[in-house]
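So the protein sequences, as listed, match chains A and B. Quick note, the first sequence lines up with residues 1 to 475 if you use the working numbering. Quick note, the second sequence lines up with residues 1 to 308 if you use the working numbering.
In short, the hints are calculated from the structure, not lab data. All figures in this text were calculated on a predicted structure; none of them were measured in a lab. Treat the hints loosely; a few may be bogus.
What the hints assert, rightly or not - A short list of chain A residues far from chain B (calculated; beta carbon distances all over 12 angstroms):
(1) G2
(2) W18
(3) S75
(4) D129
(5) W161
(6) R162
(7) V190
(8) S289
(9) M295
(10) L315
(11) G319
(12) L334
(13) D474
As the list claims (entries may be wrong) - Cβ-to-Cβ under 10 angstroms is the rule here; a few derived chain A residues that face chain B:
(14) K11
(15) T298
(16) A302
(17) R305
As the list claims (entries may be wrong) - Chain B stretches covered by chain A per the calculated footprint, using a threshold of three residues with CB under 8 angstroms from any CB of chain A:
(18) 90-102
(19) 203-217
(20) 257-263
Ideal Cβ positions, reconstructed from N, Cα and C, are used throughout, including at glycine.
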Amino acid sequence: MGRLLLAEWTKLASVPRWVAAIVAAVVLTVLVGLLGAASSTSDANRHWDFAVGPDGRSVRDDFHLAHRPLAGDGSVTARVASQAGLVGELQDRARAGVILKEGLEPGSRYAAMMVTPGHGVRFQANFADEVAGGGTGARWLRLTRFGSVVDGYESADGTAWRRVGTVDLAGLPSTVQVGLFVASPDAVQVTRQFGSVGIGGHPTAATATFDNVRVEPAGSPPGASWTDRDVGRPALEGDATERAGGFTVSGSGDLAVVPPEDDVVRLSLTGVLVGLMAVVGLGVLSITSEYKRGMIRTTFAASPRRGRVLAAKALVLGGATFVAGLVACLAAFLLAQPTLRANGYGPPAFPRASLADGPVLRAVIGSAAVLALVAVLGLAAGAILRRSAGAITAVILLLVLPQLVAAALPVSAGRWLQRLTPSAGFAIQQTVERGLCLPEDGCFPEGPWLGFGVLCAYVAVALAVAFWLLRRRDA
Amino acid sequence: MSTTIELRDLRKRYGRTVAVDGLSFTVAPGEVTAFVGPNGAGKSTTMRMILGLDAPDEGAALVGGQRYRSLPSPLRVVGALLDAGAVHPGRRARDHLLWMARAAGLPRGRVEEVVELVGLGPVAGRRAGALSLGMRQRLGLAGALLGDPPVLVLDEPANGLDPQGIVWIRGLLRSLAADGRAVLVSSHLMSELEGSADHLVAIGRGRLVADTSVRDLLAAASGDRVVVRTAQRTEAMTLLANAGATVSATGREVVTVSGLPAERIVALLSQRGLAFSEVAAHRASLEEAYMELTRDAVEFGAPATGEA
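Modelling step: build the complete structure from the supplied sequences, incorporating the hints.
See below:
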């Protein structure tokens with residue numbers, strides 16, 4: 001096998017046009033990435049009205065809160081007796097529950113237990129961490145603080161408690177705010193017609209009644225009393241009234257990480273889609289050029305084990321394009337980021353992307369891997385079809401067409417097209433979860449790895465078919 | 001270095017066309033075996049089956065008793081030249097040999113050896129697309145000789161060579177056989193193989209037509225004919241015919257005679273006082289012998305139905 005790898009490497013490196021194709025793929029990937037970065041602008045930071053969460057991301061921290069201080073260890077308990085829509089219908093993600101927050105400033109750390117109409121009981125901490133409850137329809141909620149650790153509990157009857165989640169809020173001040181909160185996010189409606197996307201939204205408000213409200217120890221700090229206010233800037237003003245042993249709280253807003261409007265890492269890697277054309281051509285020609293002139297016979301006479309020849313070709317081609325792709329993607333990412341920041345894609349609306357972040361590194365290395373896989377897909381298609389033009393057209397159509405056609409299809413059909421074609425592999429470039437995930441933006445809702453897996457599966461199947469045909473057919 | 005090629009009842013069809021139809025013969029070491037037949041007779045198909053490139057429908061082609069595909073290091077056993085055009089035009093001649101050497105696990109130095117052996121030295125650094133057909137034939141031969149194999153399979157190696165090239169390749173074939181190698185050379189032009197072939201295998205429409213040693217073939221074709229060169233051709237022909245010989249005019253002053261020994265012809269001509277400048281036993285050319293051999297073979301006739 002070592003000999004074969006060396007032989008295939010000699011073949012690849014000794015045709016100047018093929019070396020030029022690899023260089024062209026690198027140059028195209030970087031240049032198109034830079035051009036894309038230079039021509040993209042964002043004004044998201046200019047009318048930015050979010051809070052900055054504990055991990056530096058933009059967050060919505062808007063809700064209505066009935067609260068009182070709690071000094072030292074203790075707990076807050078309440079039963080959500082009812083939850084209803086006040087302005088607009090009750091949203092699936094409307095929240096009502098108990099919260100323990102280090103302060104009243106938007107973006108400050110917290111832990112909360114809540115009920116939602118669509119997603120049951122949930123424990124949530126610091127916007128990002130969320131744990132679902134047992135799904136038993138419990139309405140009793142409790143948060144306990146011990147040191148810096150806050151635990152969330154649910155109960156159906158107020159006596160038997162089950163722990164849902166826990167969080168360590170290191171450095172939590174001695175006195176924190178505990179209370180009852182209500183939030184109701186905007187109702188969002190997406191309409192699409194042949195490529196044009198309309199996004200409509202209107203604010204909503206919800207109301208909830210709480211009973212069995214208890215803060216323990218009751219007298220800590222001495223003289224603590226209940227009050228209410230809007231935290232952050234909810235779209236609609238909230239209100240709270242105290243009744244015997246309970247509260248009615250109404251409010252608007254949400255507690256959530258705000259996804260950036262765009263993926264700055266992906267933006268800097270758009271050139272991969274163009275660099276890929278050169279790489280597909282190289283992959284296809286590396287075998288069809290042998291068929292065209294009959295050199296494949298010299299190859300198979302030298303190495304009659306044809307499966308190994310195919311494997312060696314795939315490894316050499318994949319390895320070379322991966323290394324070239326890695327150089328290209330690293331360069332595109334590093335060179336495009338300053339331009340993008342200068343064009344408005346900077347913090348806080350767009351957190352700074354660094355190669356030290358797992359998802360960023362995954363996108364950069366993954367894009368290089370996509371280039372390598374696509375080259376091998378071209379090789380396999382070339383081995384199957386034995387004609388350059390047909391194989392190049394087939395592979396490029398499979399990769400590019402779905403992204404163009406998806407925009408004209410209904411969202412669900414577009415998603416399926418995206419899932420079922422090798423273009424799903426571009427999902428590896430995703431580094432953020434977007435609020436609005438549309439196939440024409442290349443957004444793949446199932447996440448980066450599944451999409452990448454689809455591309456890998458295509459390559460594996462194409463190689464298997466090529467392997468079978470090579471062994472079966474006369475050379 | 002005594003490895004043979006052995007074909008046993010080899011058959012191959014492509015769709016409805018029978019390309020090779022029950023072919024059996026052996027290529028012996030130390031000999032140049034000429035593999036001849038008209039275009040489309042199945043020579044190239046047979047060679048591809050020997051090299052494991054096309055799978056026979058029936059029968060087997062064995063090299064040293066093994067199928068080609070099971071040879072552990074095939075380039076060291078069989079050197080092949082199938083098509084001089086089978087090189088990437090953008091690759092330098094030397095690099096083409098280098099990848100082959102690497103696939104066979106041969107040292108880089110071997111490339112320079114074969115480059116010198118086939119006289120490719122001055123152009124080895126050029127891209128294959130810039131080489132003349134003759135130089136590409138030499139490149140193909142260099143590839144065949146790379147693994148110093150005991151068996152050579154060469155498909156029309158003289159194609160595109162200039163007259164000096166043809167002389168050169170005859171010498172090369174002779175020296176390869178003298179080393180004890182089994183050399184199978186196909187051609188559709190017998191003159192190219194004149195003086196270098198020891199054995200002849202002729203096929204037509206996929207079937208064996210002749211499998212004979214060249215010496216026997218030439219002896220049979222030459223027969224007992226005598227060539228007489230004389231200015232008085234007509235008189236000589238009448239005289240010899242009356243003496244019981246079969247005569248035919250084969251040139252302006254040349255008469256070919258059979259049925260009479262040379263001594264008797266000289267005596268007859270001298271008796272009658274007819275001047276002659278030459279009386280010699282006839283030596284058939286390989287081409288002539290081949291034509292004679294195949295004249296009656298139906299396989300060489302015009303095909304009744306369309307044939308590839």
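Tell me the numbers of any earlier hints that the structure contravenes, in ascending order. 1, 2, 8, 9, 13, 19 and 20
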